[in-house]
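Asks: Protein sequences appear in the order of chains A and B.
Quick note on numbering: the numbering used here labels position 125 of the first sequence as 125, and the sequence is numbered without any gaps.
Quick note on numbering: the numbering used here labels position 164 of the second sequence as 164, and the sequence is numbered without any gaps.
Because the hints were derived from the structure by calculation, they are not lab data.
Any given hint could turn out to be false.
Quick list of simulated restraints, FRET-style, between CB atoms [as the list claims (entries may be wrong)]:
#1 B:GLN160 - A:LYS136: 54 to 62 Å
#2 A:THR15 - B:ASP70: 35 to 43 Å
#3 B:GLY412 - A:MET115: 56 to 64 Å
#4 A:THR61 - B:ASP399: 34 to 42 Å
#5 A:MET115 - B:HIS420: 40 to 48 Å
#6 A:ILE11 - B:HIS73: 35 to 43 Å
#7 B:ASP410 - A:ILE178: 40 to 48 Å
#8 A:LYS136 - B:THR423: 53 to 61 Å
#9 A:GLY148 - B:ASN413: 43 to 51 Å
#10 A:THR61 - B:HIS420: 54 to 62 Å
Which stretches of chain B does chain A cover? Using the computed rule of at least three CB atoms under 8 Å from a CB of chain A, they are [to be verified]:
#11 153–162
#12 292–302
Ideal Cβ positions, reconstructed from N, Cα and C, are used throughout, including at glycine.
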Amino acid sequence: MLSIKNLSAAINGKTILKGLNLEVKEGEVHAIMGPNGSGKSTLASVIAGRETFEVTEGEVTYLGSNLLDMPAETRAREGIFMGFQYPVEIPGVSIANFMRTAINEKRKYLGLEPMTGAEFLKLMEEKKKMVDIQSKLTNRSVNEGFSGGEKKKNEIFQMALLEPKLSILDETDSGLDIDALKVVANGINLLRRKDNATVVITHYQRLLDFIIPDFVHVLFDGRIIRSGGKELAIELEEKGYDWVKKEK
Amino acid sequence: MENNSDKILEEVTGSDYKYGFYTDIEMDQAPKGLSEDTVRFISAKKNEPEFMLEFRLKAFRHWQTLGEPDWAHVNYPPIDYQDIIYYSAPKKKATYESMDEVDPELLETFEKLGIPLEEQKMLAGVAVDAVMDSVSVGSTFKKTLAEQGIIFCSFSEALQKHPELIKKYMGTVVPYTDNFFAALNSAVFSDGSFAYIPKGVKCPLELSTYFRINAANTGQFERTLIVAEEGSYVSYMEGCTAPIRDENQLHAAIVEIIAHKDAEVKYSTVQNWWPGDKEGKGGVYNFVTKRGICEGDRSKISWTQVETGSAITWKYPSLVLKGDYSSGEFYSVAVTNNYQQADTGTKMIHLGRNTKSTIISKGISAGHSNNSYRGLVKATRRAENARNFSQCDSLLLGDQCGAHTFPYLDVGNRSTIVEHEATTSKISEDQLFYCLQRGIDMEGAIGLIVNGYAKEVLSKLPMEFAVEAQKLLSISLEGSVG
Numbered sequence: 001m002l003s004i005k006n007l008s009a010a011i012n013g014k015t016i017l018k019g020l021n022l023e024v025k026e027g028e029v030h031a032i033m034g035p036n037g038s039g040k041s042t043l044a045s046v047i048a049g050r051e052t053f054e055v056t057e058g059e060v061t062y063l064g065s066n067l068l069d070m071p072a073e074t075r076a077r078e079g080i081f082m083g084f085q086y087p088v089e090i091p092g093v094s095i096a097n098f099m100r101t102a103i104n105e106k107r108k109y110l111g112l113e114p115m116t117g118a119e120f121l122k123l124m125e126e127k128k129k130m131v132d133i134q135s136k137l138t139n140r141s142v143n144e145g146f147s148g149g150e151k152k153k154n155e156i157f158q159m160a161l162l163e164p165k166l167s168i169l170d171e172t173d174s175g176l177d178i179d180a181l182k183v184v185a186n187g188i189n190l191l192r193r194k195d196n197a198t199v200v201i202t203h204y205q206r207l208l209d210f211i212i213p214d215f216v217h218v219l220f221d222g223r224i225i226r227s228g229g230k231e232l233a234i235e236l237e238e239k240g241y242d243w244v245k246k247e248k
Numbered sequence: 001m002e003n004n005s006d007k008i009l010e011e012v013t014g015s016d017y018k019y020g021f022y023t024d025i026e027m028d029q030a031p032k033g034l035s036e037d038t039v040r041f042i043s044a045k046k047n048e049p050e051f052m053l054e055f056r057l058k059a060f061r062h063w064q065t066l067g068e069p070d071w072a073h074v075n076y077p078p079i080d081y082q083d084i085i086y087y088s089a090p091k092k093k094a095t096y097e098s099m100d101e102v103d104p105e106l107l108e109t110f111e112k113l114g115i116p117l118e119e120q121k122m123l124a125g126v127a128v129d130a131v132m133d134s135v136s137v138g139s140t141f142k143k144t145l146a147e148q149g150i151i152f153c154s155f156s157e158a159l160q161k162h163p164e165l166i167k168k169y170m171g172t173v174v175p176y177t178d179n180f181f182a183a184l185n186s187a188v189f190s191d192g193s194f195a196y197i198p199k200g201v202k203c204p205l206e207l208s209t210y211f212r213i214n215a216a217n218t219g220q221f222e223r224t225l226i227v228a229e230e231g232s233y234v235s236y237m238e239g240c241t242a243p244i245r246d247e248n249q250l251h252a253a254i255v256e257i258i259a260h261k262d263a264e265v266k267y268s269t270v271q272n273w274w275p276g277d278k279e280g281k282g283g284v285y286n287f288v289t290k291r292g293i294c295e296g297d298r299s300k301i302s303w304t305q306v307e308t309g310s311a312i313t314w315k316y317p318s319l320v321l322k323g324d325y326s327s328g329e330f331y332s333v334a335v336t337n338n339y340q341q342a343d344t345g346t347k348m349i350h351l352g353r354n355t356k357s358t359i360i361s362k363g364i365s366a367g368h369s370n371n372s373y374r375g376l377v378k379a380t381r382r383a384e385n386a387r388n389f390s391q392c393d394s395l396l397l398g399d400q401c402g403a404h405t406f407p408y409l410d411v412g413n414r415s416t417i418v419e420h421e422a423t424t425s426k427i428s429e430d431q432l433f434y435c436l437q438r439g440i441d442m443e444g445a446i447g448l449i450v451n452g453y454a455k456e457v458l459s460k461l462p463m464e465f466a467v468e469a470q471k472l473l474s475i476s477l478e479g480s481v482g
C-alpha cells in the first residue's frame, strides 16, 4: 500500500529525514517509536503532503502511484488520513459542517453524488456511537474550546467518518489520561480492517498496550534503525532509547 | 512557512469577478454633466410634483458650496462630476402586469446572476422589486402587501401616488445638507424604493430589491425611504452585483429609515458591485449615506450588511436612538481583496433614555486591500443609562493587506456604559493544512474559515440571503468569496 524508499526531507533548509525506508501493507498496523526530535512528526507531515516540508530525495509510492506528485487534498481524497498531534481550532465552523464538506469533496473527486443532509446525519450518528463521542460535540466549532481528550477523540471520529485506507496517527496518545486513551485506542481498533492500514506514531509504549501492532520501528536521527514485532516496544520501554542509540 | 502560505493565499484570492457581463438595453439618458438644467431635466423626465423639483434645486445649490470629504482612509483620483451621466432609464417603460412583459434580455441578466425573478417569485415570502439602473421594471406580491395597507414601490411611483408621505418624511433623517454625497444624491437621484408599513401591521413578506448598475458612465443615485408606523414590523433586503466596466462608476445612495413607537425595522444588504480588476483598475465607488431614526419609544432598527464589492466603499449605516428604550444594531462583514478600499462602520447616537446599541463588525482583508472600521458611539446628556457594546474583529489573508480600526466615543453622561472589544487575526497555515488534509481544497478551506469567522453576522441575515451571502464571501476571496 505504502512504500517509502530512501526518503530525505528538510524544513527551512534543515534536513530531518535522512534516507528512511518503510513498507506498509493492507491489514497491517505499524508503530513508529522514537525519542523527541527523531523525525516522527516530519514523516507524518511528508506523507500527508504538507508543503512546508521539502522532499530532497527518495520516493514514496501509494497504491501504485507516486504520492509525492499529489497535492495534499488529493492524498486525503485518495484515502490518506492524518490524525494530528495538535488539532487546530476553526472558529465558527461546526464539526458537522466541516465533515460534510470533507466527505462531499471526496465523493466529488470519486465521481459520486454528494451526500444529502439526512444521509450525512445518519452516518454521523452511527459513527458517534462507534467512537463513543458525545452528540453535542459535533455542533460545536471544530476543536474550539475542546479539552485535549476531546480533540483527540474528534480526530478519531473524523477518521471513522472518512473511512481512510491509510491512517497516520501522530502522537494521538499524547496528553491523554488513561480513560481517554482507552476510548481512542478502542476507536482505532474498531476501524481496523483487512483492507486498510494504520501507522501509529508514538513516544511511549503505553498506547501499544491497547493497540497491538504487527510491526514496531524505531526512528532515530531521520532513519529507521531497528524494526521488529510488538516485543520490540516492550524491550524499548525497559531499556530506554539510549539502548538503540548506542547500538547504532 | 509564512511566505509559503501567503503565496498560496495570493494565488487563491487573485481570481476574477464572476458576475462580469453587460446587458445592452436601449437607454434614454440625460446629457453628460451636472447643472440646474440637468436637475430640471431629471425632474421633468419623471413628471415630478413641484415640491420635489424645489428640493432637488436647493440640494444642488447647496452641493455647489461643498467640497468632497477627504477624511476617510481611502485614495482615489479626483472625480470629474461634469463627466458623468446623471440619468438613464431603460426605454421600455416600467410597471408590467406580468413577468412576460419584461424585456427578455433583462430577465437573462438576472438568470446569469443566479437570481432569476422567476425563482425569486417562487421563493416563499419574498416580494421582489427589481431595479435595473434607475427605473423599476417589475414588482411582485404587490397585492398581498396592498391588502394589509403596505406600500412597497419605486420611489418615482410613490412620488406620483403618495406625494404627501414623501414630502413628510424625505430628508428628515438624512437632510440634503448632511454631506457632499447626500447633497449630490438629493439633487440628482433617479429612483429607488419606498416602503410604508401602517400602524400595527407586521409585514408578512421579506421586502427585497435588487439594484444593478448597468449603463456605461452612469452614476447611480438611489434613494430608499422606509417608514414603519407605530407597532409595525418589516424586514427589508437589498442586494446587488454589477457588470465589469473600465471606467469607475460613482454610486451615491441614500437610505432613510423611520421607526415610530414600538416599531421594528430590519435592513439587510448584500453588496457585490464590481471591485475593479486585480491591478485595481476600474470598479464602483460606493459613497453611501444610510441612516435610521428610532423616533418612538421602544422602537428598534438593525442594519446587517455583507460588503464584498466596490473599488471603494464609504459607508456608515447609522442610527439615531431618539425614543426612550429604543435600540439599534449594526452587524457587518466587509471583505476587501486585490486593491479594494473600504472605510465602513456605524454611528450610534444615543439621545433617549435607556437606549441600547450593539455593534459587531468583521473585516476581512486580502490581496493589497485596505479595510477600515470607523465608528462613533455618542451619548448625550439626556441619554441616561445608555448602553453600547462594540466588537470589531479583523481577519488578514496574506501580508500585503491592511486592517484599521477607528473607534470614536463621545459620552456626555455618567450613567453610560460602553464596552469595546477588538481582535486581529490571520488565517494560519495550520488551519489551511488541517482542511487540505481532510480533502478540502484551498479555495474551499478559505471559504469555510472565512464563513466561520463571519458566522455571527451571517446568522443575522434572512435565510435566503444568508445562503447567497455565504456564496459571495467564497467567490470574493477565490474567488474572492472566501
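Asks: Determine for every hint whether it applies to the structure shown.
Replies: Outcome of the hint check:
1. B:GLN160 - A:LYS136: 54 to 62 Å: holds (57 Å)
2. A:THR15 - B:ASP70: 35 to 43 Å: Since A:THR15 and B:ASP70 have Cβ atoms about 56 Å apart, the given range 35 to 43 Å is violated.
3. B:GLY412 - A:MET115: 56 to 64 Å: holds (58 Å)
4. A:THR61 - B:ASP399: 34 to 42 Å: Roughly 37 Å apart at Cβ, these two residues keep to the hinted range, so it holds.
5. A:MET115 - B:HIS420: 40 to 48 Å: Roughly 43 Å apart at Cβ, these two residues keep to the hinted range, so it holds.
6. A:ILE11 - B:HIS73: 35 to 43 Å: Since the Cβ atoms of A:ILE11 and B:HIS73 sit about 39 Å apart, the hinted range of 35 to 43 Å holds.
7. B:ASP410 - A:ILE178: 40 to 48 Å: violated (59 Å)
8. A:LYS136 - B:THR423: 53 to 61 Å: Since A:LYS136 and B:THR423 have Cβ atoms about 26 Å apart, the given range 53 to 61 Å is violated.
9. A:GLY148 - B:ASN413: 43 to 51 Å: holds (47 Å)
10. A:THR61 - B:HIS420: 54 to 62 Å: 56 Å Cβ-Cβ, so the 54 to 62 Å window holds.
11. 153–162: violated (count 0)
12. 292–302: Violated - the stretch 292–302 of chain B has 0 residues with a Cβ nearer than 8 Å to chain A, which falls short of three.
Of the numbered hints stated above, those contradicted by the structure are hints 2, 7, 8, 11 and 12, listed in ascending order.
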